[in-house]
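K.L.:
If you read the sequences in order, they're chains A and B.
Okay, so the first sequence: first residue is 1 according to this note's numbering, each after it adds one.
Okay, so the second sequence: first residue is 1 according to this note's numbering, each after it adds one.
Simulated from the structure, these hints should not be mistaken for lab results.
Just to be clear, a hint being listed does not mean it is correct.
Here are the simulated lysine to aspartate or glutamate pairs, EDC-like style, with alpha carbons at most 16 Å apart [what the hints assert, rightly or not]:
1) A:Lys2 <-> B:Glu19
2) B:Lys94 <-> B:Asp84
3) A:Lys2 <-> B:Asp20
4) B:Lys156 <-> B:Glu127
5) B:Lys94 <-> B:Asp149
6) B:Lys94 <-> B:Asp152
7) A:Lys2 <-> B:Glu30
8) B:Lys156 <-> B:Glu128
9) B:Lys156 <-> B:Asp125
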Amino acid sequence: MKPAPFEYHAPSDIDEALHLLAQYGNEAKILAGGQSLVPAMNLRLSRPHVLIDINRIEALGYIRRESTTLRVGALARHRDLEMMTGQDGLTMFLSRVASLVAHPPIRMRGTMAGSLSFADPAAEWCAAAMLLDAHVVVASAQGRRTVEVGDLIAAPFRTSLEPDEMVLEVRIPVPDAGHGVIVEHSHTSGDFAVVVAAAYAEVDVGRRRLRVVVGGASPTPLRLRPLEEGLGSRHIPDVQEVESLVGPNLDPSSDNYGSARYRRHLACVLAQRALAEAMR
Amino acid sequence: MTRSVSFEVNGVTQTLDVEDRHTLADVLRERLSLTGTHIGCEHGVCGACTVLVDRRPARSCLLFAVQCEGVSITTIEGLAAGDDLHPLQRSFSKNHALQCGFCTPGFIMLAAGALDEDPEISDSDIEEWLASNLCRCTGYVNIVRAVRDARDEMRKG
Chain A
1 MKPAPFEYHA
11 PSDIDEALHL
21 LAQYGNEAKI
31 LAGGQSLVPA
41 MNLRLSRPHV
51 LIDINRIEAL
61 GYIRRESTTL
71 RVGALARHRD
81 LEMMTGQDGL
91 TMFLSRVASL
101 VAHPPIRMRG
111 TMAGSLSFAD
121 PAAEWCAAAM
131 LLDAHVVVAS
141 AQGRRTVEVG
151 DLIAAPFRTS
161 LEPDEMVLEV
171 RIPVPDAGHG
181 VIVEHSHTSG
191 DFAVVVAAAY
201 AEVDVGRRRL
211 RVVVGGASPT
221 PLRLRPLEEG
231 LGSRHIPDVQ
241 EVESLVGPNL
251 DPSSDNYGSA
261 RYRRHLACVL
271 AQRALAEAMR
Chain B
1 MTRSVSFEVN
11 GVTQTLDVED
21 RHTLADVLRE
31 RLSLTGTHIG
41 CEHGVCGACT
51 VLVDRRPARS
61 CLLFAVQCEG
71 VSITTIEGLA
81 AGDDLHPLQR
91 SFSKNHALQC
101 GFCTPGFIML
111 AAGALDEDPE
121 ISDSDIEEWL
131 ASNLCRCTGY
141 VNIVRAVRDA
151 RDEMRKG
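Go ahead and model the full structure; you've got the sequences and the hints to work with.
P.N.:
As structure tokens, this is what we get:
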């Protein structure tokens, strides 16, 4: 199908983009990679009257490592993140997360910020950002604010962004030494994940910290706090233990890809795999 | 209401008046008569519409023509050098990597972009790339063979 008519704008800097958002508000959508938005427009699931193409704003295309924070600009593509070569835990984990997003041509255009703004409950970046306690810098013509990813992703495919706001940057606190694991189940390679699970284990002197998240088994990605807090420092639980600790917390839906019962079980299996691997 | 946009297609600058909502795929096919680029799903899943945009494979059904101001686009029609087929085209033919041919231009442009990015691309990375597009006829095996052969031939030359 063809998209409904719209008016196209291509601002050359952030202020111009924010001015357009202020002007058009909820009639407008930001176009970055377009790999989720344009399919929705072609299927007429989305019919913005105005499209604000930010691809000309070169100032947004960066991945910047500072001492305690990784800063990912709104135009950093999945492929840029996939191709990072650093051998530290965070870089290797992010590269792995990126490699699971769709397929190479889609990764060449799609962006992490776009993925968070799209808020698919089973999206790899939504799960990873929740796992790493990331926050996003959100801007409007009125100014900027910082939002934790958990507060940004409000419901399936819905964020807490106001109509005149856009994501400028994703900020990821650099974890202590350790490593992360992401696993997902999809029907074919590169397909949308049915369920995604990720874990990050940090080992500091005498101290372990574990974080675990599951996406696709609740309306939004869910940190599995009972697992994070409820395990002895070296104990790796089996699936039954994971199920009893977090099964009731999950709130999966049923659809063509699986029943709620299946998703709940799948989430526990994948969460167990991710954390077992992360803790090794 | 139309807007003027100018971009290069297969080495030739084209200036067109298009509606904002016209996709690059439709403009290539209907305005420039470059019907080698095929439209399969129109929502970014099948890859039949793949072209090169500034040398990178992109799904042209997910791009609006108005986004393409100043870019350089290569379609399947632009691969051959006159009567000399591109190594990928020869290899697809030799390896029987097409049956109905509908997915073929998309696969060839995808592979062309992959080989351009990394001429030393590994066998497993070739498969990772080729998993991007859908083929209902061949079962993919001959497509994989064709791209590997083209890689090997292009490495020599």
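K.L.:
All hints, please: hold or fail.
P.N.:
Checked hints:
1. A:Lys2 <-> B:Glu19: holds (12 Å)
2. B:Lys94 <-> B:Asp84: holds (15 Å)
3. A:Lys2 <-> B:Asp20: holds (12 Å)
4. B:Lys156 <-> B:Glu127: With Cα atoms ~21 Å apart, Lys156 (chain B) and Glu127 (chain B) exceed 16 Å; violated.
5. B:Lys94 <-> B:Asp149: With a Cα-Cα distance of about 10 Å, the restraint between Lys94 (chain B) and Asp149 (chain B) holds, given a limit of 16 Å.
6. B:Lys94 <-> B:Asp152: Measuring from Cα to Cα gives roughly 14 Å; hence the hint holds.
7. A:Lys2 <-> B:Glu30: Holds. Lys2 (chain A) to Glu30 (chain B) sits at ~14 Å (cutoff 16 Å).
8. B:Lys156 <-> B:Glu128: Not satisfied, since the Cα-Cα distance of roughly 23 Å exceeds 16 Å.
9. B:Lys156 <-> B:Asp125: violated (19 Å)
In this structure, the hints that do not hold are numbers 4, 8, 9, in rising order.
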